[in-house]
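A.B. asks: Sequence:
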Amino acid sequence: MLQQRRRSWRSCSLTHMLLFLSTYLSTAAAEWGPIQDSVYYIGNDIAVSHPHTDIDSCQHACLGTPGCVVVVWIPHADGTCLLKSHPGVAAPMANAKAVALLHRPSPMQPSSTRTAPAPSWPRSSSMTVQAASFGQMTYHYVPRAMWVNTIPPRYFTHALNRTEDVFRTEYLNHPKDDLLTPFVTVESVGECADVARTNRRTFFTYINRTQACVAHVFGGTPSRVTVASSSSMSIQTLPLPVGTVVASYHATTTASCHDDCVHDRLCVMSSVIKSNCTLMAPLGAPTDDVYAGWVVDPVTVYERDGLNIATTAATTLASGHIDVIDRIPNVTSVGDCCAHLVRHDQQFFVYDASNQACTLLTIQSAAETSEVTSYLAIAESLVEPRPLPRLLLPVDPTRLQDLPSDTTQAACQRACQPTLHQCFGSVFDAADHSCRLYLAASSSSIDVPSHANHTFGWLALSALPMSIDDAAVDTVHVFGTAHQDDHELFMSADVVAALQSPTTKVVFIYITAGDAAETNGWWEARELGTLAATKKMIHAAGRFDSMQARTKVVVSNKTITKVVLGNAVHYFMRIGEDRLMDLFMGVPHIHASAVDNPLDLYTTLIEIEGVVTALMELEVAASRPPTIRLGASEFKNFRPGDEQVDHQLHMWTGNLMANVVARHPLWSACVDQTYYFGYQRWLDLVNMEEHARLLQRSAWLRLSNAINGVYKACYPVWFDHAQHLGRQYVARHEPRQRPCNDKIDEA
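Count the sequence shown with mature numbering (1 follows the signal peptide of the UniProt record, and there is no 0) and you get residues -30 to -1, 1 to 717, in order.
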């Protein structure tokens, strides 16, 4: 689970945080509360480190970690410090010690070394632009180059493998720098490009030695930029990188300026503003393993009424071969234009922001033939697009690209990559194996681009089923966890395998809200995060569409939110953590409730078990599968050194799930049960196979981005557990004794 820290201190702007941290040093003494023996505060961790022989060294570590207000020391792993941003819920633990920081020393002025001039290195004699793929994404990069020379020097020599490293004085960026908080433990240039793309950034600098990835945010007025590529001229409206100009002169067209850039050994991108052509390249870097890269992702996807609508800004549809169906005035946004597209059952639109007009279009098809198949691109190009029912794409549009004559239908479909050339569709002719890619039209005007305020959109239909057919289900795999992200962290390999199976329904049941006693939007953000991670895994599996279907179900007089994505079913019970802890600890006269519905009361653990049982029965009864699997956190029979290391709610929820199975007349003998280690093994050797490991990382990146999109923080959620990814350790496996559909009618 994400560390359950109090998050209000993270809601500040990055600039304010850096200003605060840069004045952090002090000569005044700290004031501490009394040391509490045999007390463990659950959650809210912002750092974990070892070995520490006593709590005194933990206190010293806390003073050096911004946001730390509570310290817990436990004897595990030769002494471990847990630095926390909030006391949270107290629980008894033998040999543990806890202490609160009552007064932090007053700050003093930062060291004058922060004003030292930024170092610079000469550019290479030739900027060799290299193209590469990461999954279905295409990106470009230049070795021994970086976009700014204000990256702190320690980024090049010291790995930032812990959250608190980023906020130490020697790592701090000047508040005026155009830098996104760097991502740590990023494994490759491709993953750094994925970081940039996921965070809607174009430019990035990757330092291989330290695995640091900086996704840049350049200020200033956005300009139209063409990026150097051997495949086509890709045009984007972007803020220009600062300090990267290598030439500037009069030009006649964007195309001629772009051609000059392609043939200039130092140029990687160009821009034309009022008849002035500017050629640009990144700056030199200190070592060969520093890469300046960019990824062009022109597509934004909107979900409307169960449909995906893909859009590209500053583009339109070529004027030939189109018919205007309707022009709708007073449309205030692209999203509203998407809604009109769905309402009128059309395929294409162009939205004009300057005139607030939504134009619905159709394309004049060539003669229909069984030899020709058309496709429209889908988000991320990771799922199979549905062949269009008739030939919608014309034979000779203004912008197209022909592929070699020996192309296959699958290769033609995959070749349409928006990240490479703003492709929106393809046509494959089986008669001569020809393939044509269709590109949205961008203006070549050198003054005011005619399409600068236009957005082109199309209905991206998937050939994949929206959900699993219960008649085809032979396995229901249930993951019952305390928090929304426990399965991503500790059970991910088995989750990936289950989601890849076309005959497995994967059911996630989250007992708590994951609220950490907060009411500031944290639990809602965590739900969005786990759904984003599941969406990525379903995309990668390619078995189902990942469109969300959100409903509510009522079981045992409790209203539970249900979200279906493909073959995944999520149930959010949303029980507040504090009161649930009291129930688990046997505090008398206590009731727990759902954070979004205080009238949904739980007075005993048996009531909670009853709801979980009812939810499982709903999914099992629909398909009557021979195999039911359960994944949950381990809660018993720990070896010395593993006791009381995992989050209490993990273990107690694991026990609750075991009771659900044990008390059921059928499941007690037929459910295949697997219980997983949590915190006990999150620093052990990486043990996941490569496909699942990389997919877990990509899913965690989407989770981080989804959370930060609605719950603003001073650093990405990626930091919380990026160093723990790649591990799934099974504590115990209890195989089933017989198939679950043997006596299902008697249960």
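Hints are supplied without guarantee of correctness; some may be wrong.
Said to hold, decoys possible - With a cut-off of at most 27 Å between alpha-carbon atoms, the simulated DSSO-like pairs for lysine-lysine come out as follows:
# : residue 1 : residue 2
1 : K532      : K682
2 : K532      : K522
3 : K606      : K67
Unchecked claim - Simulated restraints, written as ranges between beta carbons of each label pair:
#  : residue 1 : residue 2 : range
4  : D440      : S324      : 47 to 55 Å
5  : G611      : A632      : 22 to 30 Å
6  : R235      : Q518      : 44 to 52 Å
7  : V9        : A433      : 53 to 61 Å
8  : L72       : T23       : 20 to 28 Å
9  : D712      : R179      : 53 to 61 Å
10 : A101      : S218      : 47 to 55 Å
11 : R235      : D275      : 47 to 55 Å
12 : T98       : T223      : 23 to 31 Å
13 : H703      : V524      : 30 to 38 Å
14 : A584      : A519      : 14 to 22 Å
15 : A467      : A380      : 50 to 58 Å
16 : R179      : V9        : 38 to 46 Å
To be clear, the hints were calculated from the coordinates, so they are not data collected in a lab. As the structure is a prediction and not an experimental result, all values here were calculated from the model. The beta carbon of each residue, even a glycine, is placed where N, CA and C say it ideally should be.
A.B. asks: Determine for every hint whether it applies to the structure shown.
C.D. replies: Hint check results:
Simply put, K532 and K682 have alpha-carbon atoms about 26 Å apart, close enough for the 27 Å limit, and the pair holds. As the CA atoms of K532 and K522 are separated by approximately 5 Å, the hinted pair is consistent with the 27 Å bound. For the suggested pair K606 and K67, the alpha carbons sit about 23 Å apart, so the restraint of at most 27 Å is met. D440 and S324 have their C-beta atoms about 50 Å apart, which keeps the hinted 47 to 55 Å range intact.
With their beta carbons about 28 Å apart, G611 and A632 fall inside the hinted range of 22 to 30 Å. Separated by about 48 Å at the C-beta atoms, R235 and Q518 satisfy the suggested range of 44 to 52 Å. Under the hint 53 to 61 Å, the C-beta atoms of V9 and A433, about 57 Å apart, fit the expected range. Between L72 and T23, the C-beta spacing of about 24 Å keeps the proposed range 20 to 28 Å intact.
In this structure the supplied range 53 to 61 Å holds for D712 paired with R179, their Cβ-Cβ distance being about 58 Å. Taking the beta carbon of each, A101 and S218 are about 26 Å apart, not inside 47 to 55 Å as hinted. The hint said 47 to 55 Å for the Cβ distance between R235 and D275, and at roughly 51 Å that hint holds. Between T98 and T223 the C-beta distance comes to about 26 Å, which sits within the given range of 23 to 31 Å.
A beta carbon spacing of about 34 Å between H703 and V524 agrees with the range 30 to 38 Å that was offered as a hint. At roughly 20 Å, the beta carbons of A584 and A519 sit within the given window of 14 to 22 Å. Under the hint 50 to 58 Å, the C-beta atoms of A467 and A380, about 25 Å apart, miss the expected range. Under the hint 38 to 46 Å, the C-beta atoms of R179 and V9, about 42 Å apart, fit the expected range.
Hint compliance for this structure: hints 10, 15 are broken, all remaining hints hold.
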